[in-house]
Amino acid sequence: MKRYSAFAIAREALRNHTGWDRAWASPEPKKRYDVIIVGAGGHGLATAYYLGKNFGITNVAVLEKGWLGGGNTGRNTTIIRSNYLQDPSAAIYEKSRSLYETLSQDLNYNIMFSPRGVIMLAQTEHEVRGYKRTAHANALQGVKTEYITPKRVKELVPIIALDGPRYPVLGGLWQARGGTARHDAVAWGYARACSAMGMDIIQRCEVTGVTRDGGKVTGVTTTRGDIGCDKLGIVVAGHSGHLADMAGFRLPIESVALQALVSEPIKPCMDVVVMANTVHGYMSQSDKGEMVIGGGADGYNNYTQRGSFHHIEETVRALIETFPMISRLKMLRQWGGIVDMTGDRSPILSKTPVDGVFINCGWGTGGFKAIPGSGWAMAELMAKGTSPLADAFSLGRFREGRFIDESVAAGVAH
Amino acid sequence: MTTRLATGGRLLDRGRSVSFTFNGKRLSGVEGDTLASALLANGQMLMGRSFKYHRPRGVVASGAEEPNALMNLGSGGRFEPNQRATTQELFDGLEAASQNHWPSLEFDIGAVNSHVSRFLPAGFYYKTFMAPRPAWKHVFEPFIRQSAGLGRAPKERDADVYEHAYLHVDVLVVGGGVAGLTAARAGGLSGASVLLVEQTGHWGGRAPVDGAEIDGQGAEDWIASAVTELEAMPNVRLQTRTMGAGVYDHGYALVYERLTDHLSDKTGPRHRLWKIRARHIVTATGAIERPLSFAANDLPGVMLASAVRDYVVNYGVSPGDRTVVVTNNDDAYRTALALKEAGLEVPAILDARLEATGALPEAARAAGIRVLTGRGIAKVKGRRAVEGVAICAQAGEGAVLEEIKCDAVAMSGGWSPVVHLWSHCGGKLNWDDAGAFFRPDPSRAPTGADGTAFVTVAGTANGHLLTAEAIADAHEAGKAAAKAAGHTATRKAAPKATSEVEAPMAPVWMMPQGAGAALRQKMWLDYQNDVKVSDVQLAAREGFESVEHTKRYTTLGMATDQGKLSNINGLAILAGSLNAAIPQVGTTTFRPPYTPISMGAIAGEARGELFQPLRRTPLHDWHEANGAVWEPVGAWRRPYTYRKPGEATEDAVAREITATRASLGLLDASTLGKILVKGPDAGRFLDMLYTNMMSSLAIGKCRYGLMCSENGFLMDDGVVARLSDDAFLCHTTTGGADRIHAHMEEWLQTEWWDWKVYTANLTEQYAQIAVVGPNARKVLDKLGGMDVSKETLPFMAWADGALAGHAVRVFRISFSGELSFEVAVKANEGRALWDKLLDAGAEFGATPYGTEGLHVLRAEKGFIMIGDETDGTVIPQDLGLGWAISKKKDDYIGKRAQERSHMTDPARWKLVGLETVDGTVLPDGAYAVGDGVNENGQRVTQGRVTSTYYSPTLARGIAMGLVLDGPDRMGEVIDFASLDGTGTVVKTKIVDPVFFDKAGEKQNV
Ligand SMILES: Cc1cc2nc3c(=O)[nH]c(=O)nc-3n(C[C@H](O)[C@H](O)[C@H](O)COP(=O)(O)OP(=O)(O)OC[C@H]3O[C@@H](n4cnc5c(N)ncnc54)[C@H](O)[C@@H]3O)c2cc1C
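From first to last, the protein sequence lines are chains A and B. Everything in the first sequence is counted per this note's numbering, starting at 1 for the first residue and increasing by one. Everything in the second sequence is counted per this note's numbering, starting at 1 for the first residue and increasing by one.
Please keep in mind that the hints were generated in silico from the structure rather than gathered at the bench. Please read these numbers as outputs of a predicted model, since none were measured by experiment. Heads up, a few of these hints could be off.
Taking beta-carbon pairs under 10 Å as the criterion, some of the chain A residues facing chain B (in silico) [unchecked claim]:
1) E12
2) R15
3) T18
4) K95
5) R133
6) E146
7) P150
8) S263
9) Y303
10) R306
11) V316
12) L319
Here are some chain A residues pointing at chain B (derived, C-beta under 7 Å) [stated by the list, open to error]:
13) R3
14) Y4
15) I9
16) A13
17) H126
18) A139
19) Y167
20) E264
21) G289
22) R317
23) D355
24) S394
Here are the simulated DMTMM-like pairs of lysine to aspartate or glutamate, each with C-alpha atoms no more than 20 Å apart in a straight line [as the list claims (entries may be wrong)]:
25) A:K65 to B:E631
26) A:K132 to B:E631
27) B:K137 to A:D106
28) B:K275 to A:E314
29) B:K496 to B:D215
30) B:K127 to A:D21
31) B:K826 to B:D800
32) B:K678 to B:D800
No residue lacks a Cβ here, since even glycine has one placed at the ideal position from N, Cα and C.
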């Protein structure tokens, strides 16, 4: 792998950029691998990367039915934060956030991690209490967050309308070291690094079946032939139910479309990420200048990866209340991604009923931020059979009722 | 120099001049101009700067596809960035300013990027800016952000209003060119209800400029008569300045109407967003011309041939004195002829094809224009504007054969049908070799619920570039759409058009074909985002083989025009680099909207007061007038407390609590959910819904009930009253009413659809007033009308009756531990009853109290609050509410879940009371720490605060919390971590959660 640097660009500029290598190879599948990962999204690629980097396992194939990074990894709104409430969540998201801080240098690929800070607005008394509680929890979890006043919110986000009229801003939970990163670059950076370690990333290769022998995995069938393996990692987000079905087990997962949109680009006007959960919307400004906006998931199960309108309308309404100036911007593009939702809104990183098959899914609407940490934990789980970051997220928790509920959805105020 | 011609301009009303400003300079145009044509008429070709290299840019197009001429428009509350000058109609007083430059359009510092562009190829930022690490955040990123971004950010609140409108039609026809008019006519004649929308301000599309003959008339006359015919049809509705923005599942379409953008007078809604349900959609959206990729094709003065023609014919504007036309097809000859006819010079037509023998080339030759075949442009000369072209053989590497002086270039690389709306909902495309474009594949159309197609594409958009074919196709499409909507297709004949026969075009993706690296680095594909042929080739070389990868790596097609000009050209270059056929590479996905639509229009009327309209109880105005400090709760706003003049909020709360405990308090409890559950199976249904047994509740009695989710967690609580044998009234939390009602309906409709139960949410039908305190009974007795004595109306009973002349239902329930009656009355009598209670209660010092008082009163009694003591992870057993779980029932929602091992594990966090050792108030949300850290290095915790208050009754801080094995640890002192960053802890004693009147004597009097 030729290193990337300003010097390399200067060198190549002199020969019209004809000397750049492929970022990743495009090999034919081999007959068998030690490990096969299904799904070349961020989580699949990160799993492969840390298998190689942390455990020296490099006889690995990552199989992707379309183009790498083309699932939710390439569709999300790239918010990165780790101020989660429950201990297991805070642990894996904080690990992830800290890996993001040095990921560009680690991968020699600028993934543009931008620790610009994330504010979650408190707009009801109930939210105020919830975020104060989170701040308390985070302090004990080693996650740096702060509960801030409306005045401080306004300093950080000058374009915000603090006083409603419907839901005045009462405060906010601020994580200064949260932010965003360039989603495609995360997938590409990992892919390039995996390829450099000798792993095979095989695109346009759909897994169509999981072959087993007496309860143990032996390989997969694909649109590009049968491939054998000792261990299989299923990391396919919205399509997890299908893959589990191929392997002969069921998952407590529902797949729904989550909607997002961007505005046309404008000059910088908002330096931080703002999430407004009471009104249901969040917004940040990309380095290109687009306002990146997200909100709700469709209320029905679905596999079509396209935008629907009603949630866009709800989200934009909410954000115009919060940021009145966006009313005169224009929506450039909307899209949807299929997210995999569990009953407690927390992910699954787990062994499965099939020996040698591991699953990583359920990241739902918020797994971009988890990519490095999830890959790290999944690699450890696959290599050693256990991982302190992953163990709480096992499938067994649904049987035991040991939920890791981050939605705190049942909470209401009288 | 661009200028206004002495004659011509079919859309102009030359008699009416319009004054406007550009970058602060006062200019004038003519009624009918677009901002772009008016600027050209004023000699202003330079209209903007590109995104990455800040290259000077002129207008290239004349419509929605324009990538360069984007403007900041208006000012103050009417400021808007990134509006296309080509689609903005001119009006008196219009203020426009160019964007993305500093300090000025003419001199822009950012243009240095252009000089070092060889160091900034596609994706260069992924390869650098990595060291030193903090530099990305503090130096590189701010720099990149500042130089990107195009228009300015609006600052003020939007001064305009917007609205939504709704329409059901049989057939929606998008596009008011001759094909759209024909399709609408065929649909209308077949009896279908039709909505025809056109994005510009005029009908007919390109035909009047291109000059076809239809039904023996000139295009312009035919269009006028077609519009008259359509206007006369009662089942047809026509709208201009209305764009088909998006097509969604099941015939749902978004249509965007611009009402005042073209007017000086801005009264009324600015935009109207139509939500259309159509049985069938016909898209007759035409085609967009493609640029050609030759070196320096981005210089101001290089324009699409069709746009040049539009400016001359529609707006009487010359794009230059001498225009070289460069093409790979016959159509561009029309531009040469139009220029000639307007008295302008066309020094040459460069045709990349080896021969040009059709009627149009012959006409050009006959007009004295020099036609060079097999030729192309090696390079456009000039630095900030076109000064000439260097000519080369298309087949060669760019050796210059000749140079021609000119000040404009009209280019045509062929046409691409506009297939966006077809594709939004999954319509697929086929590659058409002859036309070198993608066209809709009717066998893979977007389909509705019944599996049949609901979108048809008509005319040029369907790949029929000749008017005659387009019209015939559109007539059939209109008939088919009407038929699909259940009508009998008209037997009337299609309009007949004649058009010149054109010779086949020849695909030209790079000019010249063998251009070397130096030229390829100057060939722009995506003007706005500065993506060049060399960038796409670099992406391919680096393995970004998927078209989506190339798009994302180079940013091709990601600008505000979403690649309307660049996508096909870019695809072809990618396919060439990969040695693959174009259809094998495929297109990127088309997403709504077709062109950007305002956020204001998306939100519609729902702003300010109308954003989530406030629900008001019948007492809302009283609260407002009496010092209420409001708290949003669900869709309501409830008084947190009532402040007297000069009183602090905490003091007001304490005053209300003390008065209630001592004598008499009044609470507006109207927001509490009230759901009527009725039917022969109502008892059985509630037995499943609640953990308690409800079917055994006696008529006239109340019971406190708990509701759990399927996962076993407590989700709501409230008092259930049995009204009759088959009717129950279920009270829910304020925030829970709608959710619980939906929850009931979900179970009834999906699982127990055969049970005979109906539910109705009566929340707003009643005002409900809690009359609380030792003197509560006295005040009711004073009002008179019913017996509320202990004997007649014992605790947990209810009765219908009358109070002070109002028909009421009185529930003897208490959430405060005091003697308490909740009085329900018809909503419209609520205020009267409230006033009478205040009057009669005056002698007892009747004190209205708010939600905070309510909270403290209940906490003093150890009553849980949904959302405080629960958070979606708590089961009733954790809260000491095991008594409310019936042991006699086989099942209830959540029962099975509660039997899981973790739920029955005795070592759970359980409800206790908490008292700080020093009497202070525990911090909200604090955690109790245990010993050491867990395997992930996090501090071990053993409990948390769920509610914490200052109790005026006990004159100290009290709290409730969940603590590991809490009920078994009474009296133990544990440490709660404070948040002051010093690691100090608050010493806290575990106590009984009932702080006040443990025996419950006060409520049972
Ligand atoms: C609109 C939207 C906004 C979001 N915003 C955020 C945010 O702001 N912050 C955040 O942290 N998270 C966000 N998320 C969530 C985040 O995108 C996902 O959790 C995360 O990207 C999941 O990554 P993944 O690698 O698991 O899945 P994916 O990226 O979807 O990868 C799964 C891959 O598996 C492949 N695959 C599927 N089936 C097969 C098969 N049979 N054979 C081979 N390959 C197969 C797919 O093609 C795909 O490439 C958002 C999601 C969406 C949709």
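Going through the hints against the structure:
Annotation: A:E12 was flagged as interfacial toward chain B, and the flag holds, the nearest CB pair being 8 Å apart, inside 10 Å. Because the beta carbon of A:R15 sits about 9 Å from the nearest beta carbon in chain B, less than 10 Å, this interface hint is met. Hint status for A:T18: holds, given a least beta-carbon distance of 8 Å to chain B, under 10 Å. The restraint placing A:K95 at the interface with chain B holds, with a minimum CB-CB distance near 8 Å, inside the 10 Å limit.
Restraint check, A:R133 versus chain B: the minimum CB separation of about 3 Å is within 10 Å; hint holds. Hint status for A:E146 relative to chain B: holds, with the closest Cβ pair at about 9 Å, below 10 Å. Because the beta carbon of A:P150 sits about 15 Å from the nearest beta carbon in chain B, more than 10 Å, this interface hint is broken. Hint on A:S263 holds. Least Cβ distance to chain B is approximately 7 Å, under the 10 Å limit.
Taking 10 Å as the C-beta contact cut-off toward chain B, the hint placing A:Y303 at the interface is violated, the least distance being around 12 Å. Hint status for A:R306: holds, given a least beta-carbon distance of 7 Å to chain B, under 10 Å. Look at A:V316: its Cβ gets to within about 4 Å of chain B, closer than 10 Å, so that hint holds up. For A:L319, the interface hint holds, the least distance from its beta-carbon to any beta-carbon of chain B being 8 Å, beneath 10 Å.
For A:R3, the suggested interface contact is broken, since its CB lies about 9 Å from the closest CB of chain B, more than 7 Å. Look at A:Y4: its Cβ gets to within about 4 Å of chain B, closer than 7 Å, so that hint holds up. Among the interface hints, the one on A:I9 holds; its C-beta lies about 6 Å from the nearest C-beta in chain B, closer than the 7 Å criterion. Below 7 Å, beta-carbon pairs count as interface contacts, and A:A13 has one with chain B at about 5 Å; its hint therefore holds.
The beta carbon of A:H126 is positioned within 7 Å of a beta carbon in chain B (closest approach about 6 Å), and the interface hint is therefore held. A cut of 7 Å between beta carbons decides the hint on A:A139: the least distance to chain B is about 6 Å, and the hint holds. Taking 7 Å as the C-beta cut-off, the interface hint given for A:Y167 holds, the closest approach to chain B being about 6 Å. Residue-level restraint check for A:E264 holds (minimum Cβ-Cβ distance to chain B is 5 Å; threshold 7 Å).
Hint status for A:G289: holds, given a least beta-carbon distance of 3 Å to chain B, under 7 Å. For A:R317, the interface hint holds, since its Cβ comes within 7 Å of a Cβ in chain B; the closest pair sits about 4 Å apart. For the restraint placing A:D355 at the interface with chain B, the shortest Cβ-Cβ distance is roughly 24 Å, beyond the 7 Å limit, so the hint is violated. Interface restraint check for A:S394: the shortest CB-CB distance to chain B comes to about 12 Å, outside 7 Å, so the restraint is violated.
The suggested pairing of A:K65 with B:E631 is violated, with an alpha-carbon distance near 51 Å, which exceeds 20 Å. Between A:K132 and B:E631 the alpha-carbon distance is near 18 Å, which keeps this suggested pair within the 20 Å criterion. With a C-alpha separation of about 17 Å, the suggested pairing of B:K137 with A:D106 holds against the 20 Å cut-off. Distance check on the hinted pair: B:K275 and A:E314 sit about 15 Å apart at the alpha-carbon level, within 20 Å; holds.
Of the supplied pair hints, the one linking B:K496 and B:D215 holds, its CA atoms being roughly 5 Å apart against a limit of 20 Å. A threshold of 20 Å between alpha carbons decides the hint, and for B:K127 with A:D21 the separation of about 12 Å falls inside it, so the pair holds. Pair hint B:K826 plus B:D800 holds up; C-alpha atoms about 12 Å apart against a cutoff of 20 Å. Taking the CA atoms of B:K678 and B:D800, the gap is about 18 Å. The hint holds against a cut of 20 Å.
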